[in-house]
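Novice: Each chain is listed here by its residues.
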Amino acid sequence: MTVKYTREHEWIRIEGDTATVGITFYAQEQLGDVVFVELPDPDTSADQGSEVAVVESVKAASDIYAPVTGTIIESNEELSDRPELVNEDPENDGWFFKMQLSDPTELDDLLDEADYQAFIQEEL
Amino acid sequence: MTALHSLTLESFHQSIGAKFAPFAGYRMPIQYPLGVKGEHLHTRDAVGLFDVSHMGQLLIQGPASTEALERLVPAALQEMTPGQIRYSQLTLDTGGILDDLMLTRWDTDIWGLVVNGACKHADMAHFKAHLPDAVNMTYIDDHALIAIQGPQARQALSRIIPEAQDLLFMRSLKTSWKGCDITLSCCGYTGEDGYEVSIANDQARDFAEALTDLDETTWVGLGARNSLRLETGLCLYGNDLTPDTTPIEADLLWSIQKRRRTEGGFLGAETILKQINEGAPRKRVGLAPMDGRTPLRDHTVLKNAAGDVVGEITSGGFGPTHNGPVSMGYVTQKLSTLGTELIAEVRGKALACTVCDPIFVQQRYRRSL
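Chains as they are written, first to last, in the numbering used here: chain A, 1 to 124; chain B, 1 to 369.
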């Protein structure tokens, strides 16, 4: 199992040819209290970098991008009733969707944990 | 781009962990460590403290200044008693709104005004252009303005300013705190009971610390100030009120007293009185998504069933006390009836919504003891 990160503050946990996607602890901290999540429908395909979900906090709406190309296989329905899970447990129970990967080589473009930590230090 | 101004209390806000963002030309506290939602809920439950020193405090005085001001605002000023506050708008000759403001009558021809921070320089130019030479305008830029808002504001503030105890909504008085002259006004923009205190810059830090020491209080940034006013149906200048909206379209007829509705005599009266009598082409309303969940944000386009554009959300977001989406916007008069179903275009998708009362959370002003 590998976890990678995007510069848009998503994490992607890869298990075989499927992956779970959510937003990072840092991202939820920047967003503030999450009040609404719009999730993608299963069986829709998504290109790397395309807008697939929306997370709304008390402050604003932010797009969530597909970290890699693939097909959405499941959305975290729990977030419809409990959007606060994104704040409480962003990197586990607060996951957004699962994908079937089309091209695993795209993962090479993403950041590993150390690179991501260095990246957010630069942003701060 | 000119440099941002700093609030007198900037270092104080920094010391308690504020995050800042530019607003109205100032570096403003947008939130504190408690966060927007926590600050909002604390204000509804106890007391929120707000530094609103970016707002413009003006003093207007001189012979016949009351009559002169009445030519610029649709509120009836001549009937007001000393210490009374009224909410009004600076109107344009088109009937549009240059700014909205609070006016306090101190004496026959002495007026204290509080105008929006983002508009204050334009407002001052407007006053200079329209007030007679004998009427004098002073910009009070050496005073901070602190709002103390919430259901426990009265009990909390009374411990350090006893005059707060019996001061009713839209009344103001001059008193002192630790020997320093202050203006204490019972008003605000959260929909709650509360006050605004004007105090000299050099006393502001001591006062801020004294307020912080009160058990009921927490500091609240502009983020929660926005959700608090939005939930209680209060307009934000620049979003809900603009040079292209009239007070009648904005559903602010209540702020135009009877005499002015018939006499007119203010900028834009021709348009505004005509709209009072014949109706306005569009009206400010509340809007709620039928799914009960999706926030309808600023600039969301509203359509009718046929797909024609019939309005726009001017302020929208999530209301922590309402615990759901809260929005206001303008729709054509015909579609402004409560319960009318419309389509909101959210990220390219059609979302059903209904016209509702823009007051999602009841205002709780203290109008009697």
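FYI, nobody ran anything at the bench for these hints, they're computed from the structure.
Since this is a predicted model, take the numbers as computed values, not measurements.
Take the hints with a grain of salt, since some may be wrong.
Simulated restraints, written as ranges between beta carbons of each label pair [stated by the list, open to error]:
hint, chain 1, residue 1, chain 2, residue 2, range
1, B, S15, A, E88, 48 to 56 Å
2, B, K258, A, D93, 54 to 62 Å
3, B, H322, A, E123, 51 to 59 Å
4, B, D244, A, Q30, 39 to 47 Å
5, B, Q333, A, L107, 12 to 20 Å
6, B, N277, A, D41, 45 to 53 Å
7, B, D45, A, D81, 22 to 30 Å
8, A, A114, B, R205, 39 to 47 Å
9, A, L111, B, A3, 52 to 60 Å
10, B, I160, A, D81, 42 to 50 Å
11, B, N201, A, E78, 49 to 57 Å
12, B, G292, A, D41, 17 to 25 Å
13, A, M1, B, D244, 54 to 62 Å
14, A, Q30, B, R205, 52 to 60 Å
Not close to chain B: a few residues of chain A, all C-beta gaps over 10 Å, as computed [stated by the list, open to error]:
hint, residue
15, V35
16, S80
17, A114
If you want a taste of the chain B side facing chain A, the calculated C-beta under 7 Å gives, among others [claimed, not checked]:
hint, residue
18, P33
19, K37
20, R159
Built from N, CA and C at the ideal position, the CB exists for glycine as well.
Novice: For the pair K258 of chain B and D93 of chain A, does the Cβ-Cβ distance stay inside 54 to 62 Å?
Specialist: Cβ of K258 of chain B to Cβ of D93 of chain A: about 59 Å, so the range 54 to 62 Å holds.
Novice: S80 of chain A: least C-beta distance to chain B exceeds 10 Å?
Specialist: 7 Å, violated
Novice: Starting from the range 42 to 50 Å, see whether the pair I160 of chain B and D81 of chain A falls in it by beta-carbon distance.
Specialist: About 44 Å separates the Cβ atoms of I160 of chain B and D81 of chain A, which means 42 to 50 Å holds.
Novice: Honestly, do H322 of chain B and E123 of chain A meet the 51 to 59 Å range at C-beta?
Specialist: Violated, since H322 of chain B and E123 of chain A (Cβ atoms, about 33 Å apart) do not stay within the stated range.
Novice: Lying within 54 to 62 Å: is that true of the beta-carbon distance M1 of chain A to D244 of chain B?
Specialist: 56 Å, holds
Novice: Given the range 49 to 57 Å, decide if the beta-carbon distance of N201 of chain B to E78 of chain A lies inside it.
Specialist: About 50 Å separates the Cβ atoms of N201 of chain B and E78 of chain A, which means 49 to 57 Å holds.
Novice: Starting from the hint 52 to 60 Å, judge whether the C-beta atoms of L111 of chain A and A3 of chain B obey it.
Specialist: 36 Å, violated
Novice: Verify the CB-CB distance for A114 of chain A and R205 of chain B against the hinted window 39 to 47 Å.
Specialist: For R205 of chain B against A114 of chain A, whose Cβ atoms are near 43 Å apart, the range 39 to 47 Å holds.
Novice: Tell me if the interface restraint on P33 of chain B is satisfied: Cβ within less than 7 Å of some Cβ in chain A.
Specialist: At 11 Å from the nearest chain A Cβ, P33 of chain B fails the 7 Å test, so the hint is violated.
Novice: Mind checking the hinted window 17 to 25 Å against the Cβ distance between G292 of chain B and D41 of chain A?
Specialist: 20 Å, holds
Novice: For the restraint on K37 of chain B, tell me whether the closest CB of chain A is nearer than 7 Å.
Specialist: The hint holds - K37 of chain B has a Cβ within 7 Å of chain A, the shortest such distance being about 4 Å.
Novice: Starting from the hint 52 to 60 Å, judge whether the C-beta atoms of Q30 of chain A and R205 of chain B obey it.
Specialist: 30 Å, violated
Checked against the numbered hints above, the structure breaks hints 1, 3, 4, 5, 9, 14, 15, 16, 18, 20 and satisfies the rest.
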